[in-house]
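Student: Given the coordinates of chain A, assemble chain B onto it according to the supplied hints.
Residue numbers (this note's numbering), protein chains in the order written: chain A, 1 to 787; chain B, 788 to 1030.
Incorrect hints may appear among the rest.
[What the hints assert, rightly or not] Derived lysine to any residue pairs resembling SDA-like cross-links, with alpha carbons at most 25 Å apart: (1) A/K264 to A/T586; (2) A/K527 to A/N600; (3) A/K64 to A/M603; (4) B/K911 to A/T419; (5) A/K7 to B/K911; (6) A/K575 to B/Q804; (7) B/K911 to A/I245; (8) A/K190 to A/H146; (9) A/K555 to A/S514; (10) A/K155 to A/G700; (11) B/K911 to A/G412; (12) A/K14 to B/K911; (13) A/K640 to A/V746; (14) B/K911 to A/P418; (15) A/K14 to B/Y810; (16) A/K64 to A/I245; (17) A/K555 to A/E261; (18) A/K7 to B/V815; (19) A/K527 to A/K509; (20) B/K911 to A/E701; (21) B/K911 to A/D524; (22) A/K16 to B/G813; (23) A/K7 to A/N307; (24) A/K7 to B/S814; (25) A/K555 to A/T586; (26) B/K911 to A/L413; (27) B/K911 to A/E261; (28) A/K14 to B/V815; (29) A/K64 to A/K88; (30) A/K527 to A/W431; (31) A/K640 to A/I251; (32) A/K16 to A/L378; (33) A/K618 to A/A642; (34) B/K911 to A/L779; (35) A/K64 to A/L208; (36) A/K7 to A/L374; (37) B/K911 to A/E688; (38) A/K509 to A/Y239; (39) A/K640 to A/E96; (40) B/K911 to A/G700.
Worth flagging that the hints you see were computed from the coordinates, not collected in a lab.
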Amino acid sequence: MRALNLKLIRNLWKLKGQVLAIAVVIASGVAVLVMSLSALQALQQTATAYYERQRFADVFATVKRAPRRLVNQISTLPGVRSVEDRIKQMATLSIEGFEEPVIGQLVSIPEQGEPLLNNLVLRSGRLVSLGHPDEVVLNEPFAEAHDLQPGDQFKALMNGHQRSLTVVGIALSPEFIYSMGPGALMPDDKRFGVMWMGREALAAAYDLEGAFNEVSLGLLHDSSPEQIIVKLDRLLESYGSHGAIARKNQISNWFLMNEIEQLKTMSTILPTIFLAVAAFLGNMVMSRLIATDRSEIGLMKAFGYSNWQVAWHYTKMVMAMCGVGIVLGWLLGAWLGRVNTEIYADLFRFPLLIFRPDPGVFAIGAAVSLIAALAGSLGAVRHAATLPPAEAMSPPAPPMYRSSRFSQSRFGLWLDQPTRIILRQIMRSPWRSLLTSIGIALSVSVMVMALQWIDAIEEIIEVQFHQTQRQDMSVGLVESQSDQTLREIRRLPGVLAAEPMRSKSADLKAGHLSHRGGIEGVTDNPKLQRIYDAQGDVVSIPPEGLILSTRLAEKLDVQIGDSVWVEVLEGKQPKALIPVVSLFETYMGMPAYMHIQAFNRLMGESASLEAINLLVDKNQLSQLYRSLKSLPKVSAVTLKDAAVEEFNETMAEMLMIYISFFAAFACALGFGVVYNSTRIALSERGRELATLRVLGFHSGEISYILLGEAALLILIGLPLGCLMGHGLGWLMTNAMNTELFRIPLVIKAATDATAVLVTLGATAFSAALVRRRLDHLDLIAVLKTRE
Amino acid sequence: MSDSGSSSIPHITLQGQGLTKVYHTGSVDVHALRGVDLELREGELVVLLGPSGSGKSTLLNILGGLDSPSSGEVTFRDMRISADDESTLTRYRRDHVGFVFQFYNLIPSLTARENVSLVTEIAKRAMDPAEALALVGLAERLDHFPAQLSGGEQQRVAIARAIAKRPDILLCDEPTGALDSQTGILVLEAIERVNQEMGTTTAVITHNSVIGEMADRVLHFANGHVADYQENSLRKGAHELSW
Chain A
1 MRALNLKLIR
11 NLWKLKGQVL
21 AIAVVIASGV
31 AVLVMSLSAL
41 QALQQTATAY
51 YERQRFADVF
61 ATVKRAPRRL
71 VNQISTLPGV
81 RSVEDRIKQM
91 ATLSIEGFEE
101 PVIGQLVSIP
111 EQGEPLLNNL
121 VLRSGRLVSL
131 GHPDEVVLNE
141 PFAEAHDLQP
151 GDQFKALMNG
161 HQRSLTVVGI
171 ALSPEFIYSM
181 GPGALMPDDK
191 RFGVMWMGRE
201 ALAAAYDLEG
211 AFNEVSLGLL
221 HDSSPEQIIV
231 KLDRLLESYG
241 SHGAIARKNQ
251 ISNWFLMNEI
261 EQLKTMSTIL
271 PTIFLAVAAF
281 LGNMVMSRLI
291 ATDRSEIGLM
301 KAFGYSNWQV
311 AWHYTKMVMA
321 MCGVGIVLGW
331 LLGAWLGRVN
341 TEIYADLFRF
351 PLLIFRPDPG
361 VFAIGAAVSL
371 IAALAGSLGA
381 VRHAATLPPA
391 EAMSPPAPPM
401 YRSSRFSQSR
411 FGLWLDQPTR
421 IILRQIMRSP
431 WRSLLTSIGI
441 ALSVSVMVMA
451 LQWIDAIEEI
461 IEVQFHQTQR
471 QDMSVGLVES
481 QSDQTLREIR
491 RLPGVLAAEP
501 MRSKSADLKA
511 GHLSHRGGIE
521 GVTDNPKLQR
531 IYDAQGDVVS
541 IPPEGLILST
551 RLAEKLDVQI
561 GDSVWVEVLE
571 GKQPKALIPV
581 VSLFETYMGM
591 PAYMHIQAFN
601 RLMGESASLE
611 AINLLVDKNQ
621 LSQLYRSLKS
631 LPKVSAVTLK
641 DAAVEEFNET
651 MAEMLMIYIS
661 FFAAFACALG
671 FGVVYNSTRI
681 ALSERGRELA
691 TLRVLGFHSG
701 EISYILLGEA
711 ALLILIGLPL
721 GCLMGHGLGW
731 LMTNAMNTEL
741 FRIPLVIKAA
751 TDATAVLVTL
761 GATAFSAALV
771 RRRLDHLDLI
781 AVLKTRE
Chain B
788 MSDSGSSSIP
798 HITLQGQGLT
808 KVYHTGSVDV
818 HALRGVDLEL
828 REGELVVLLG
838 PSGSGKSTLL
848 NILGGLDSPS
858 SGEVTFRDMR
868 ISADDESTLT
878 RYRRDHVGFV
888 FQFYNLIPSL
898 TARENVSLVT
908 EIAKRAMDPA
918 EALALVGLAE
928 RLDHFPAQLS
938 GGEQQRVAIA
948 RAIAKRPDIL
958 LCDEPTGALD
968 SQTGILVLEA
978 IERVNQEMGT
988 TTAVITHNSV
998 IGEMADRVLH
1008 FANGHVADYQ
1018 ENSLRKGAHE
1028 LSW
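For reference, chain A alone in the conformation it holds in the complex (with noise of 0.2 Å):
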């Protein structure tokens, strides 16, 4: 067998330009499931381990204002572990150097110890002392997003009193991956922060001493945090309880977890396809290359080798070239995953980082590739192997062709031979012809499938930021305010218009389905929020009844007619039965709206808000900044710009390299279907063009028999690939369908055509390459020997 084996090497070296063609398709397969799964795996055990390591808590809970002896009554819940109760608050801060108001979201620690739950990860500095109320530690993201330090000092609106505070450290914490500003889509570090103070400082503040607003639990393990909800609600119900929550809906924690979901699903569909294409194309080659050695088959078998041994000698060449492949998409895809990993940690600043790829991901990425290249080849090999060696090495019959009625038609008439020789080639082989077309369709359509994500992002932010939202900007109020503040705010300087909203969070509950979220009170006419349903009208608000987001229709499974039970979480809690009076669809969050004044009925209040839509000059935007600074009724200002800015750079981050990834792998495809197709055309043909040659045709005019029926399937693949592309964008944006966004399916015409382009310029490479070869094609060798 070593002869045999040298065969193997030398053969392998002789092909080394499929080899190599081959082990990249295949390799772009491995790389994309182990870089998706390693990554996947590696954030999910690495935020595990974080949120075991701080002490993460399982259940939290506001209400306004509760007792601390409360705790003792907490903590003795059967499945509770430990209970830590805090203050939170929110404050309006003065950054130096940086004009617009900024909020600060400040959170308890003890003086002295650690807290029980929720620890913070100490980046630089320390932790707060006692006795040194405006002591303050940053967390990492807002610190660096300002450039301050331990020893840096800014003023804060606290309570109504202007207080200077000093940075005595900066931290992270499991509770803030993502640290939102009230009504914020994405995080914004220059205009929300959280910082810690100390409890005692707090407490003097914001006249909360022996009492907490917040308190977060520690369960068992086996304990179920639903039970225990119900009866802390239960518990806290006197206190002004919002409703505990569990860790699941806790903000940071689901946008962390609906970002590991995604990576999931992009996880389990990408590199299916991925696979799957590469597959295809072992398949593809080997079954061709097999049967371009079908005369040294005779021969071996003329020797004396036996059917399985040489089987076994192709199986082992499929296994080479194969193995080339997934060795090249191991490294690869376990280098990428480390990268993909270190970007999402850097996102998530997670203080740790755990990557230990599975070698079963790895197992699974070769073992696919491997049984797909094998099969392919198997049925090639079989058809070799059991041919009788005589016939094997006497040349293949002339293929067999047929006269269409294409060719007697008017228009096949007018063809030349060179066209019509393209033509019988592609009719003669439907099957291989369009696997190729399938081939290059796949790679236009992973290119479409990563491009669409840009377009459905522009679809968003001009839904939801210019259609929507029409306001400069957004005012959060502290608690709810009378007709009062929205007058107030009106006369301050710059600003246009201004419209009153309520927001209040609620249960609402269908039968034995709920949802918590909230509800929000417009004006029956928004000039500055408008709600738009899924064609692009605007929807009026009824004086009564609910108008839902389809999204939470569907969670709820009610429609225009059906009634939602309504619990609200805050002030008096009042329940009562609504009608669902419209439906509108959104890509953002799943929000309930109703006419201001049925909430203000609804809740039992006069004319009351909570938040404010501002429409504002903005050559008085300084003016206006100052004065909302020192209004303690604001606890938030949102600005559009801002946040379609920050809205923008979060997402354009992602998806670059999101994109840049699937960009590369498409070219590769692109790239692969076409060198080994027309390579392998080139060796099955090489006879027939060097004919041509001699019989006085140009290189060009060879190239264009070859290249041209490679042309022609890209062609046919182009569209089909363009078609797919919608398909598989269909198919994403169906997964990655959250309760946070949905992503619209907007493909748009330039986007077609970059993928067109990007894979045109994969195959141009290709075909370059094999018209080198047509241009050194051997005239002479041909003439002489038989195939």
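Tutor: Then chain B, alone, in the frame of chain A:
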């Protein structure tokens, strides 16, 4: 060695002077041609006879513009064609040379007529493909694909394809090598007819000495040069041959 033909013969179509060809394979130099001089005169039929490895195919390749000599030059009428210029060689093959190969080299996806059209479409003064096929006795088989034709028929299609462009020179490399004698004679008849009716200068390579009897002249090849030379005062008809 020169073929010292008489001076009363018509124009020289193709001339090779001092042709040598050395193939460098690894550390060994193979001298395929060792200084060959020859002339092909207008309208004559020349047979190059010799055992395999004697250099006759190399000579034919060089004369046909498929290869360039290591030294010496080939002149077609007044044009030097041994230049290492791909496009000049291509043009030469396209406009002036017709090739017939041992293994026919038909395009399997084209019918007999289409195989001929392949050449007539790019030639300057081509004949009608049907006419060319009729000349080789295949008027009835115009729309058959190669797989539907016998070996002899395929070779005759190849001849029709070679002559349809009215080449100045027809070069045939072992045209009967893959055929039985009966079919081979049919093919030779086609070549003979083209040579006589169209006056195409024809060179046939073969190791079958019988075929030499139908030639005007026979050049015997051995070890890379013309070892012997013979002029037939009387050409036999292809149908008179047998082997």
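Student: Now tell me, hint by hint, if it's right for this structure.
Tutor: Here is how each hint holds up against the structure:
no. : hint             : verdict
1   : A/K264 to A/T586 : 24 Å, holds
2   : A/K527 to A/N600 : 20 Å, holds
3   : A/K64 to A/M603  : 17 Å, holds
4   : B/K911 to A/T419 : 20 Å, holds
5   : A/K7 to B/K911   : 48 Å, violated
6   : A/K575 to B/Q804 : 111 Å, violated
7   : B/K911 to A/I245 : 88 Å, violated
8   : A/K190 to A/H146 : 7 Å, holds
9   : A/K555 to A/S514 : 8 Å, holds
10  : A/K155 to A/G700 : 76 Å, violated
11  : B/K911 to A/G412 : 23 Å, holds
12  : A/K14 to B/K911  : 41 Å, violated
13  : A/K640 to A/V746 : 23 Å, holds
14  : B/K911 to A/P418 : 18 Å, holds
15  : A/K14 to B/Y810  : 22 Å, holds
16  : A/K64 to A/I245  : 16 Å, holds
17  : A/K555 to A/E261 : 18 Å, holds
18  : A/K7 to B/V815   : 24 Å, holds
19  : A/K527 to A/K509 : 30 Å, violated
20  : B/K911 to A/E701 : 17 Å, holds
21  : B/K911 to A/D524 : 84 Å, violated
22  : A/K16 to B/G813  : 22 Å, holds
23  : A/K7 to A/N307   : 17 Å, holds
24  : A/K7 to B/S814   : 23 Å, holds
25  : A/K555 to A/T586 : 14 Å, holds
26  : B/K911 to A/L413 : 20 Å, holds
27  : B/K911 to A/E261 : 69 Å, violated
28  : A/K14 to B/V815  : 23 Å, holds
29  : A/K64 to A/K88   : 10 Å, holds
30  : A/K527 to A/W431 : 59 Å, violated
31  : A/K640 to A/I251 : 21 Å, holds
32  : A/K16 to A/L378  : 21 Å, holds
33  : A/K618 to A/A642 : 14 Å, holds
34  : B/K911 to A/L779 : 23 Å, holds
35  : A/K64 to A/L208  : 10 Å, holds
36  : A/K7 to A/L374   : 20 Å, holds
37  : B/K911 to A/E688 : 23 Å, holds
38  : A/K509 to A/Y239 : 23 Å, holds
39  : A/K640 to A/E96  : 22 Å, holds
40  : B/K911 to A/G700 : 19 Å, holds
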